[in-house]
Structures are given as structure tokens and as C-alpha cells.
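**Q** From first to last, the protein sequence lines stand for chains V and S. For the record, in the first sequence the residue sitting at position 30 is 42 according to the numbering used here, with numbers rising by one throughout. For the record, in the second sequence the residue sitting at position 646 is 647 according to the numbering used here, with numbers rising by one throughout.
No lab work stands behind these hints: they were computed from the structure. It cannot be assumed that every hint is accurate.
[Claimed, not checked] With a straight-line Cα cutoff of 25 Å, these simulated DMTMM-like cross-link-like pairs (lysine to aspartate or glutamate) come out:
#  : chain 1 : residue 1 : chain 2 : residue 2
1  : V       : Lys-168   : S       : Glu-412
2  : V       : Lys-113   : S       : Glu-664
3  : V       : Lys-171   : S       : Glu-450
4  : S       : Lys-654   : V       : Asp-112
5  : S       : Lys-654   : V       : Asp-158
6  : S       : Lys-398   : S       : Glu-450
7  : V       : Lys-41    : V       : Asp-126
8  : S       : Lys-654   : V       : Asp-167
9  : S       : Lys-614   : V       : Glu-88
10 : V       : Lys-133   : V       : Asp-158
11 : V       : Lys-113   : S       : Glu-412
12 : V       : Lys-113   : S       : Glu-450
[As the list claims (entries may be wrong)] With the C-beta cut set under 10 Å, the calculated list includes, among others, these residues of chain V facing chain S:
#  : residue
13 : Ile-63
14 : Pro-64
15 : Val-74
16 : Asn-75
17 : Ala-79
18 : Leu-86
[Stated by the list, open to error] Cβ pair distances, simulated, as ranges:
#  : chain 1 : residue 1 : chain 2 : residue 2 : range
19 : V       : Gln-52    : S       : Gln-362   : 26 to 34 Å
20 : S       : Met-366   : V       : Asp-158   : 44 to 52 Å
21 : V       : Ser-56    : S       : His-10    : 18 to 26 Å
22 : V       : Asn-157   : S       : Pro-616   : 40 to 48 Å
23 : S       : Ile-577   : V       : Gln-52    : 42 to 50 Å
24 : V       : Arg-77    : S       : Arg-182   : 52 to 60 Å
25 : S       : Ile-400   : V       : Arg-55    : 32 to 40 Å
26 : S       : Leu-646   : V       : Arg-77    : 23 to 31 Å
Just so we're clear, the structure is a prediction, and the values are computed from it rather than from any experiment. Heads up, the beta-carbon is just placed ideally off N, CA and C, and yes, glycines get one too.
Single-letter residue listing:
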Amino acid sequence: MTMTEAPENIETQRLDKNGLQFLSFTLGKEEYGVDILRVQEIRSWEPVSRIPNVPFYEKGVVNLRGAIVPIIDLRERFQLGSSTYTPLTVVVVLQARIGDKIRVMGVVVDSVSDVVNVDRKTIQSPPSFGTKVSTEFINGLVSVNDRMVMLLDVDKLLKLDGVDDDDES
Amino acid sequence: MAIDMAQFHQVFFEESFEGLDAMESGLLNLDLGDVNVEDINTIFRAAHSIKGGSGTFGFTAVSDFTHVMETLLDEMRDGRRQITQPAVDVLLGSVDCLREMLQAIQNGGEIDNQSVAEHKQALDNALNQTGISAGFVPESENPPAALAVTTQSATEPQIDGWNIAFSPHLHLLKTGNEPARMFRELATLGELTTIVDLQGVPDLYDLDPEECHLSWKLNLQGNISAAEIDEVFDWVEDDCDLAKLPIYSSVTAIAPPEWQDKADEENGQNAISPLVKAVVAVQNETNDKDGKKEETKTAAGKGSSSIRVDTGKIDTLINMVGELVITQSMLSLIGEHFELNKLDQLKNGLSQLERHTRELQESVMNIRMLPISFVFSRFPRLAHDISSKLGKKIELKLIGEHTEVDKTVVELLSDPLVHLVRNSLDHGIEMPEVRLAAGKPETGTVILEAYHRGGNIVIEVSDDGKGLDKDKLRAKAIEKGLIAEDTILTDKQTYELIFMPGFSTAEKLTDISGRGVGMDVVRRNIQALGGNIEIISELGKGSTMAIHLPLTLAILDGQSIAVGDETYILPLGSIIESLNIKEDRINRVVGKGETFLLRGEYLPIIRLHEIFKVPNVRAIKLTDGLLVVVEGQGVRCGLFVDDLLGQQQVVIKSLEANYRRVEGVSAATILGDGSVALILDIPGLVRLANQ
Numbered sequence: 013m014t015m016t017e018a019p020e021n022i023e024t025q026r027l028d029k030n031g032l033q034f035l036s037f038t039l040g041k042e043e044y045g046v047d048i049l050r051v052q053e054i055r056s057w058e059p060v061s062r063i064p065n066v067p068f069y070e071k072g073v074v075n076l077r078g079a080i081v082p083i084i085d086l087r088e089r090f091q092l093g094s095s096t097y098t099p100l101t102v103v104v105v106l107q108a109r110i111g112d113k114i115r116v117m118g119v120v121v122d123s124v125s126d127v128v129n130v131d132r133k134t135i136q137s138p139p140s141f142g143t144k145v146s147t148e149f150i151n152g153l154v155s156v157n158d159r160m161v162m163l164l165d166v167d168k169l170l171k172l173d174g175v176d177d178d179d180e181s
Numbered sequence: 002m003a004i005d006m007a008q009f010h011q012v013f014f015e016e017s018f019e020g021l022d023a024m025e026s027g028l029l030n031l032d033l034g035d036v037n038v039e040d041i042n043t044i045f046r047a048a049h050s051i052k053g054g055s056g057t058f059g060f061t062a063v064s065d066f067t068h069v070m071e072t073l074l075d076e077m078r079d080g081r082r083q084i085t086q087p088a089v090d091v092l093l094g095s096v097d098c099l100r101e102m103l104q105a106i107q108n109g110g111e112i113d114n115q116s117v118a119e120h121k122q123a124l125d126n127a128l129n130q131t132g133i134s135a136g137f138v139p140e141s142e143n144p145p146a147a148l149a150v151t152t153q154s155a156t157e158p159q160i161d162g163w164n165i166a167f168s169p170h171l172h173l174l175k176t177g178n179e180p181a182r183m184f185r186e187l188a189t190l191g192e193l194t195t196i197v198d199l200q201g202v203p204d205l206y207d208l209d210p211e212e213c214h215l216s217w218k219l220n221l222q223g224n225i226s227a228a229e230i231d232e233v234f235d236w237v238e239d240d241c242d243l244a245k246l247p248i249y250s251s252v253t254a255i256a257p258p259e260w261q262d263k264a265d266e267e268n269g270q271n272a273i274s275p276l277v278k279a280v281v282a283v284q285n286e287t288n289d290k291d292g293k294k295e296e297t298k299t300a301a302g303k304g305s306s307s308i309r310v311d312t313g314k315i316d317t318l319i320n321m322v323g324e325l326v327i328t329q330s331m332l333s334l335i336g337e338h339f340e341l342n343k344l345d346q347l348k349n350g351l352s353q354l355e356r357h358t359r360e361l362q363e364s365v366m367n368i369r370m371l372p373i374s375f376v377f378s379r380f381p382r383l384a385h386d387i388s389s390k391l392g393k394k395i396e397l398k399l400i401g402e403h404t405e406v407d408k409t410v411v412e413l414l415s416d417p418l419v420h421l422v423r424n425s426l427d428h429g430i431e432m433p434e435v436r437l438a439a440g441k442p443e444t445g446t447v448i449l450e451a452y453h454r455g456g457n458i459v460i461e462v463s464d465d466g467k468g469l470d471k472d473k474l475r476a477k478a479i480e481k482g483l484i485a486e487d488t489i490l491t492d493k494q495t496y497e498l499i500f501m502p503g504f505s506t507a508e509k510l511t512d513i514s515g516r517g518v519g520m521d522v523v524r525r526n527i528q529a530l531g532g533n534i535e536i537i538s539e540l541g542k543g544s545t546m547a548i549h550l551p552l553t554l555a556i557l558d559g560q561s562i563a564v565g566d567e568t569y570i571l572p573l574g575s576i577i578e579s580l581n582i583k584e585d586r587i588n589r590v591v592g593k594g595e596t597f598l599l600r601g602e603y604l605p606i607i608r609l610h611e612i613f614k615v616p617n618v619r620a621i622k623l624t625d626g627l628l629v630v631v632e633g634q635g636v637r638c639g640l641f642v643d644d645l646l647g648q649q650q651v652v653i654k655s656l657e658a659n660y661r662r663v664e665g666v667s668a669a670t671i672l673g674d675g676s677v678a679l680i681l682d683i684p685g686l687v688r689l690a691n692q
């Protein structure tokens, strides 16, 4: 161990502390990001089994290696119009912490663009539009190469689907 | 090297709870009139193991407490103390106390010191009572020779010391026992002289240093009880030949030389062998018994997620996997150079694969199966406590304890069953004088029976008590505002009133039952397991509660049905029949609701495609599709679907693990093509249709 290494380590640690990585993807012309640590895998679209009497954006469930996983269309969730599904359509499988459990869900997005490094300090809080535009799932905004990326709160996004009705029962 | 003891805690707790169960059942089974020494030995051993274990792990509160119990048990074992019902009750109370202590430690909670102190006091009182044996004479039961030796110590007043011949078996050291340590312990009891016998030691060339070739003759001076010496040798008694002879003050001059002569003559070990053999035989027998007990009496430690599996089951599993691997390699061989003439071989291989997979599945499911005695075993105690508390005479019969059920079912079943059995004991069985007046035997009988029927397990709790009074039930329900005064109820419906929340028939509340929260919870729990509960009762003759449960929660016999492009699974057990409907049997109620006539009964029709909003339906007209008559929780209806596909066993997958509850759907499963199909829930469908 030499003396020169020590400051470097502290430096990288500090970077790690403030640095976050997001997976960015597009929905229509908008760009969104989710914490990369919440992304379990990225899959292509495959037909789902429809679930009766649920909101239209909950497309159904698929078999993910033996687990039953719901698929949610984010475009429809954010009312950005509906899309047609092809084998090139991308499903991002996310892990949400709801209550004390980890739930796995797939979200349909138009395309996955990049993994972006974000300094925690540069994250801006989302503007308020009153009730006109719902910003409840948005944790913050960052600028990546002069494009605005909206950072999604995975827990909120997946919880608001009424998935957690444990409390009621 | 420091060993993290915490890793062994779980095992210690499991074993201790097992030991407590063994003690409890041993105490309950004690026949006071004719006490079997081995029964007491079993109880003693369990207590001793708990004491040893808790000492090792530093749970001193537990080991101190157990020590007092052990002392009392030891006196009983040696015949120095008569075994009385009060003493047994004190011991039973202590078992409970000990269990609470262990649970407290396991859950990181606080030990209830007051309760511990009370029980300890009770034990001390029992110890101080002059129950020293006059009536309990083991000799009358032809005890083995060895026991005569130990009991002798009780009848002879003054012991000056002991001569002990200790010949360890070769493997003694490998079991982790150290003679020197044991001698140190003996030396704390009195003045110890040791003579080592080196005759058994082989040449250095042949010597295995891990083996113990030495034997000892020990002379211990002092007034010491046999139990104290036994305690030192307790851990090694299976691994050595041990004989001990007391030296009495009056006979000191005679006994030891005689023994020593003989010992010298026949080279130590042989001299004492008849006696030793007797001791060993008795102890082996007891050990066997312990072993058997443990097998059937594994503790259902609360919240413990481990499971004890019969090695036979695992062997079967391993065999099965072996077969599977062979089949797999055969198939891959065929696949490598496939030609059309190998088609038959391929088909053969595939059918083998199918068979092996199915067998494997069955044996894996089998691992989760536990005998229902896990639940039943607690009831003798409950019956004992309640009958003595209420002054009733009750005999509890357990039938079919070896019926196997899924572990989850066993765990979730215990609370509902306790409620039912309590109800039978408390409300069902009458007081002895009432029974006699009614011309019934004084002793009431409660039968707990488990058996398989079809794919279900049935558990019945029946009593020959007073039965359910329909008029009383009805009056009570009206009084509580649960039903209107003019409601017409069938007998069955009347009995089912007791499952309504807030309904209790006991005129006064007891601390045993009667708070009116039991039965609705019972039914809810059982329904949550996918089962149902049924009451058969006759006034004055008794009642029977029958619980029907699926054998396992993981696999379901299903019927796939098609609606539009979608496939759903109906539990096979819920289907009564399926039929093509004719136009003339369809009736419309108020122009909308459809019913059809089936053998004189008007059943509502539920169109699955309507309530599930299925697109691309083929059958819109009722005559085009099929009506599946289904039943769930007593509700019957006709489910209108496009077609029936096939029957298959499906593996139940939770929809709620990652998603949520969906009305009308109980779970999901994965079909052969990898797609997901939903399993329908009949009562949920009916609720949906009614909305």
C-alpha cells in the first residue's frame, strides 16, 4: 500500500456516492430514465395472457422463468397514445420494492437508448403543473447531452397501479 | 479458533422443542397405577438433553430450571419418589414454562422471570414433599438386574463410596468424549482413586492413536448418589462398558474384594459383563424408543422453515434423478445423429422422460408431506387440561394420525383444529352427571380422525356430546340481528350460523372458548386453504365437524376451457358436469338474468366472456357453446364457455407475488407451451356476475 493510492480511493468513493447510473429509454419523443440497479433484464415483447377487468395499460402477465410477471405499457400509462407490438418492442423488467417485498414487473417502452451517468447534484426537481399533468412518478430531471431525461421512481410507478392491496385485506 | 455457536442455535431449539414434546406426551401417557420405568427414562433423557444443550449454549436460565426438573424426574426414575398426579401436573406445567423460555430466547425476547420462578417454586415444593417411595416398588415389575443396582442405593441408607469399572469402547475418543475430563468431574464428587488397566494397549506399531485402549477401575469415596455418577457417564454410556457397585458402610469389608477378585480373575471387562450387558441392553432399548419417538414427533417449531424428511424419501428422489439423467443422455444420443428410422426410439425415450418427470414430481411433492400427527399430537394435552379444569371426563381418540398432508396445510390447519377441538371439549361434552342423566356413559368421547378421500384429506372432529340445538341457534342469530325473524333456513343453513362473525352459543364466556370469534376465523382459514367445513349434528347425540382440504396447495387437477382465444383452468373438483344446452330449457328472469333448468333446479348462467370481457368469442348464442355446471362454497351455477379442451395437472403459481388479486381468478399456471393461464375461482366469478 502506497500513500498515493489513498487519495484516489477517496476520490472514486466520492464519485460513487454522488454518481448514479440510469438506463434511459424513449416513449414517443420523450426520454425517461430508471435507476439501473432496479433493472433486472431487458427482453423483447412476447404475447401476454390478458387479465380480465384491469386498467387498459396493464397488458397482462407472462411467464418469466416460472414466475408470473405483469406487463405494463408505459406509453398507455402516460397517455402518450397506444403502440403496436412487434418482436422488436422492448420490455424492461424492473424490480420494485413495495412494502417489504420485491415485486418484478415488465414495462413496455419504445426503445432503450443508453446507460447514463448522472451526478446526484445535477438532478433538478420536477416542475409542478398542478393537476394538468401528472408528475407523481417523476423523481427529477437531468440534462444529458442537452436532452431532458425524466427520472422515474420505480416504486411509485409500479405501486400506483394498485398492485399493493395487501393493506386493504 | 472461535466457533460461531449461533449457527447451532436453530438445531438446538428444534431438538429442544422435540424433547419437550416427547416429555409432554411421555408425561401424559404415564399410567400412574403401573409405571413403566422406561417411560420415565424417556422423559428424563429429554430433560437431560435440554439441560446439556442449554448449558453448552450458555442459556443458564434454561439449564438451571431443567436441572430442578431433572432432579425430580431422577428421584422418580430411581424409585425414590412415588409418581403422583400432582407431581405430573407440576412437571407438565414446567414443560410449558420451559417451552415459553425457549421460545423467548429463540425470538430474542425476554424470559418471563416471574412465571419461571413460580414453576421453579412448584418444583421445589414437589421435591421437598416427602414423597419418598413406599408404594412404588420397581422390583414388583421384574426390573432388569441393572435397575436393581440403582434402586438398591435408595433403600440402603448409607453409601460410603463406589467401585466403578469403566471400559470405553475403541471409538470413545472419536465421539468427542474425554475420560480425563470425566474423572475430573468425578473427583469433584468425592475422593477418587483411579487404576488404569494397560492390558488392552497394542504394540506401538499397531496403535491407532485415535482409539482408546485403556480401561479404568475407579474408587470413589463419599456419600454419592447413583444418579450423580450416572450423570458423569451419561454421554458415553453407549460407548463404553460401565459397572458400578456401591460400597456400604456395613458391607465395605465384603463387597469390594469380592468384586475385585472376580475382576482380576476374568480380566476386568469380562467379570462385569453380565451386569454390563444388562445395563447396555436396557439403555439401548431406551435409545431405540427415543429414536422412534423423534421420528414421529418432530416439533412444529413456530416459524421454523426447515423440514425433517425421511431418508427413504430422499433416496427415492435420488434414484429418480438418476433415471432422469440416463433418459436424458439416451435422448441426446438419439438427437445427435437423428434419422427417421430412429423415430420409434425417440418416442420411447420421450414417454420414458414423461414418466420419470411425473414420478419425480410426485416424489418431490411427497417430501413436503408430513403426517397429520404433527397437529394431532398437541390435543391429548389440551383434552387433559380442559377436562381437569372443567371437571369433565373425556376420552380423546386419535385415528389416522399417519395420514400425510402438505406441510403448509399442516401448519395452517393447527389453529382452526384447536378451535374445533376446544369447542367439542368445552361445549360439546356435557358434565358427567348430565351425561349419566341422559343415559350416556359418564366419560365423553371426542374423536379426531383424518383420512384420504379422493384428492382430498378429510379431518373430522366428532363428539358424543349434546349436539347443536337448532332452535337455540336460530333464536340466538335473531337476537344478534344476524338473520331476520322470518328467514327460512334449512338444517344445514342453521348449523352454518355458527360460522357467522360475532356468533357464540355459550351462555357464559369461559377462558377456554366462547368469545364468538372462533368459528368464523376457523372457516375463513380453512377456505383460505381451498377447503371447506361441514357440520353434521344431532341434538343430544353429538356433532361432527368435517374439514375437507386439498392434499397439496401446489398442484391442482384442472380442466382447461376455451373462451375466444383465451384459455382458462377450472379446478376439476368444482365441476359437476358439462352439457349442451337446449333453447327450451333457458329461462330469463326479469328479461335479463338467464337461468336454466337442471334436474328441477333453476341455476343462474354466467357468461364467462361477458364478465371477463373476452374479445373474439365464438359462441354468443347459448346453444353454440357449452355450459359447465360448477359449484363453489355451496353456490352452483352454469358457466358458459366456448369449449372444453383437456384435463391436466397444473402447478399453481401465485398471481399476487408480483401482481395483485384479480376478482374471479384464484391463481395462475403455466401451460405446456409456456404461456400463462388463469385458474378460475367460482365464488369470485359469482360475485363478479352479481355486480
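**Q** Each of the hints needs a verdict: does it hold here or not?
**A** The hints, checked one at a time:
1. V:Lys-168 - S:Glu-412: Between Lys-168 of chain V and Glu-412 of chain S the Cα gap is close to 35 Å, so the pair fails against 25 Å, i.e. violated.
2. V:Lys-113 - S:Glu-664: holds, 22 Å
3. V:Lys-171 - S:Glu-450: Distance ~46 Å between Lys-171 of chain V and Glu-450 of chain S Cα, so the pair is violated.
4. S:Lys-654 - V:Asp-112: holds, 20 Å
5. S:Lys-654 - V:Asp-158: violated, 46 Å
6. S:Lys-398 - S:Glu-450: Distance ~8 Å between Lys-398 of chain S and Glu-450 of chain S Cα, so the pair holds.
7. V:Lys-41 - V:Asp-126: Holds, at roughly 15 Å.
8. S:Lys-654 - V:Asp-167: holds, 23 Å
9. S:Lys-614 - V:Glu-88: Holds, because 19 Å separates the two Cα atoms, which is no more than 25 Å.
10. V:Lys-133 - V:Asp-158: Answer holds: Lys-133 of chain V to Asp-158 of chain V is near 17 Å, not above 25 Å.
11. V:Lys-113 - S:Glu-412: Answer holds: Lys-113 of chain V to Glu-412 of chain S is near 22 Å, not above 25 Å.
12. V:Lys-113 - S:Glu-450: The given pair, whose Cα atoms are some 39 Å apart, is violated under the 25 Å limit.
13. Ile-63: Hint on Ile-63 of chain V: holds, closest Cβ of chain S at ~6 Å, below 10 Å.
14. Pro-64: With Cβ-Cβ at 4 Å, under 10 Å, it holds.
15. Val-74: Where the cut-off is 10 Å and the nearest Cβ of chain S is about 6 Å from Val-74 of chain V, the hint holds.
16. Asn-75: For Asn-75 of chain V, the interface hint holds, since the closest Cβ of chain S sits about 5 Å away, which is under 10 Å.
17. Ala-79: holds, 7 Å
18. Leu-86: violated, 17 Å
19. V:Gln-52 - S:Gln-362: 26 to 34 Å: holds, 28 Å
20. S:Met-366 - V:Asp-158: 44 to 52 Å: Between Met-366 of chain S and Asp-158 of chain V, where Cβ atoms are some 59 Å apart, the hint is violated.
21. V:Ser-56 - S:His-10: 18 to 26 Å: violated, 48 Å
22. V:Asn-157 - S:Pro-616: 40 to 48 Å: Since Asn-157 of chain V and Pro-616 of chain S have Cβ atoms about 43 Å apart, the given range 40 to 48 Å holds.
23. S:Ile-577 - V:Gln-52: 42 to 50 Å: Given about 44 Å between the Cβ atoms, the range holds.
24. V:Arg-77 - S:Arg-182: 52 to 60 Å: For Arg-182 of chain S against Arg-77 of chain V, whose Cβ atoms are near 55 Å apart, the range 52 to 60 Å holds.
25. S:Ile-400 - V:Arg-55: 32 to 40 Å: violated, 54 Å
26. S:Leu-646 - V:Arg-77: 23 to 31 Å: holds, 25 Å
Hint compliance for this structure: hints 1, 3, 5, 12, 18, 20, 21, 25 are broken, all remaining hints hold.
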